[in-house]
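So in the working numbering, spot 83 of the first sequence is number 87, and the numbers just go up one at a time.
Read the hints as simulated data drawn from the structure, not as lab findings.
In this text, a Cβ means the ideal position worked out from N, Cα and C, and glycines have one as well.
Any given hint could turn out to be false.
Unchecked claim - Computed cross-link-like contacts, EDC-like style, restricted to lysine to aspartate or glutamate with a CA-CA straight-line distance of at most 16 Å:
#1 215 x 198
#2 101 x 51
#3 381 x 365
#4 225 x 239
#5 70 x 100
#6 448 x 430
#7 414 x 430
#8 25 x 38
#9 25 x 239
#10 127 x 38
Unchecked claim - Ranges of calculated distance between the beta carbons of each label pair, as one might list FRET restraints:
#11 289 x 253: 21 to 27 Å
#12 11 x 381: 45 to 51 Å
#13 121 x 442: 50 to 56 Å
#14 142 x 414: 42 to 48 Å
#15 80 x 404: 53 to 59 Å
#16 358 x 139: 18 to 24 Å
#17 456 x 419: 22 to 28 Å
#18 433 x 404: 38 to 44 Å
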Amino acid sequence: MAQKPSIPKGTRDFSPAEVAKRNYIIQTIKKHFEIYGFQPIETPSFENSETLMGKYGDEGDRLIFKILNSGDFISKVDDVTYSSKNSALLTPKISEKALRYDLTVPFARYVVMHQNEIDFPFKRYQIQPVWRADRPQKGRFREFYQCDADVVGANSLLQEVEFVQLYDAVFTDLGLKGTTIKINNRKILSGIAEVIGAKHLLVDFTVALDKLDKIGEGKVKEEMLEKGISESAIEKARPLFSIAGTASEQLERLRGLLADSEIGMAGVGELDEIISTVENIGLQSAQLQLDVTLARGLNYYTGAIFEVAAPEGVQMGSIGGGGRYDDLTGIFGLKDVSGVGISFGLDRIYLVMEELNLFPDSLDTSLDVLCLNFGEKEGLEALKLVASMRKAGLRADLYPTAAKMQKQFKYADKRGVPYVVLLGEEELKAGAFVVKEMKSGQHKTYALDTAAVFAKDIS
RNA sequence: GUGGUUGUAGCUCAGCUGGUUAGAGCGCUGGAUUGUGGUUCCAGAGGUCGCCGGUUCGAACCCGGUCUUCCACCCCA
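With the hints as extra help, turn the sequences into a complete structure.
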């Protein structure tokens, strides 16, 4: 007997019902991307390794799926490297390509390669899978979809405001009420690191700070000490641990804390402008919240940082994130192009919506009407009827064999078909077809040539 | 990458301190019902107990390895 097939850890098959729900989310996101003036692009599933490596930090490099070279790749490795058993040295010799890790870096690469064809500011969206060699958990997969929208070539803070509105628009449309859009600014984090004299440890400082709400003040301090941040520096950062209140109150305290840091004050100014503009315009269902402990590990962010938390009570990591990166294209040789963008985590949004039961019932219906098969002669007539129903825009199908009524009805029931058409000997003689509405059990008769009337009746 | 956890029928799960032919519910197939589904009744099919190895007279059960699931780290959508 053949062995049981399986799929790799952290990957999934999607059933028709699941695909319908995923498409619903994608369509909604796509609709708003386009309403906001973004244009779609697509990039390859895999890139040259040097395009990706080193862009996401050491941790990121570890999580990038590397693709083995083709051919007899091992014989081309020199003996010293081969026998060193050092993965870091050996990897670049046997792997030149890697699966994309996110959509932002490939986009930066795209912008640089196509800079002469692009009209700036360039607003693009991209909905494609990405891969991470992570250990799977709930809401964490090795293959998952990101839905990104970015703008490059525009420095205005209005872009940040627009992205907050975009998040709000999408989540409102999906019926996902009560999301929290957390915002912070990398410059504030830099300013704090500068003020407390830990500028060189910025990343360690922010990564630790990011965990404040999760592990508490004590543990955060512990981790900072471990990373080599001095006791006195942590003491200086103390006000951060208890900062609270409205955005403007928090900003006021930050102004006091960061008075001596030019970059820190710049960050406060930016945040102030973004938040006050959003407050001025108003949001539909989301909530914008200043969170000075929000860090995000990606080290290419330079200005605003976003992260979206699911509604309260749902156990899920962030369902979206993004920020401004002033020099991402610089790595690929194009200077002075600022970008800002956000990402929607499709797979996590799906899980949250499933948990909150937010998918519309209509997604379950994959067929509007099933025509039962009574035999050769009747079947032929039914096929003509089905054709005219399809022409009228209905999703219609004919049961392929003249199986027993019970079986055909059972099939219709299972598929969740709302209407079943009976076209048997009697109907054929009368030049009519009978429609049974499955939910009510009621019958209605139509003339054979009036499929369009029926279509109109049920729409 | 570190630590833990899980795996028995299509699905959800029982299975005693190791002891003959591994069970239930749901689902599936057929029938009661040759033009009416969702209810009911009857019958039936379906399992290398994740995989490999070890201990034992004997392993679903104990041990080791491996894969998978979920969880906590790390990190992140």
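Hint-by-hint comparison with the structure:
1. 215 x 198: With Cα atoms ~20 Å apart, residue 215 and residue 198 exceed 16 Å; violated.
2. 101 x 51: Judged against 16 Å, a Cα distance of about 6 Å means the pair holds.
3. 381 x 365: Given that 16 Å is the threshold and the Cα spacing comes to 36 Å, the pair is violated.
4. 225 x 239: Holds. Residue 225 to residue 239 sits at ~9 Å (cutoff 16 Å).
5. 70 x 100: 8 Å, holds
6. 448 x 430: 14 Å, holds
7. 414 x 430: 22 Å, violated
8. 25 x 38: 20 Å, violated
9. 25 x 239: Violated: residue 25 and residue 239 sit about 49 Å apart, past 16 Å.
10. 127 x 38: 10 Å, holds
11. 289 x 253: 21 to 27 Å: For residue 253 against residue 289, whose Cβ atoms are near 24 Å apart, the range 21 to 27 Å holds.
12. 11 x 381: 45 to 51 Å: With a Cβ separation near 46 Å, residue 11 and residue 381 satisfy 45 to 51 Å, so the hint holds.
13. 121 x 442: 50 to 56 Å: Given about 54 Å between the Cβ atoms, the range holds.
14. 142 x 414: 42 to 48 Å: 36 Å, violated
15. 80 x 404: 53 to 59 Å: 55 Å, holds
16. 358 x 139: 18 to 24 Å: 23 Å, holds
17. 456 x 419: 22 to 28 Å: For residue 456 and residue 419 the Cβ distance comes to about 24 Å; the hint holds.
18. 433 x 404: 38 to 44 Å: Violated, at about 24 Å.
Hints 1, 3, 7, 8, 9, 14 and 18 from the list above are not met by this structure, while the remaining hints are.
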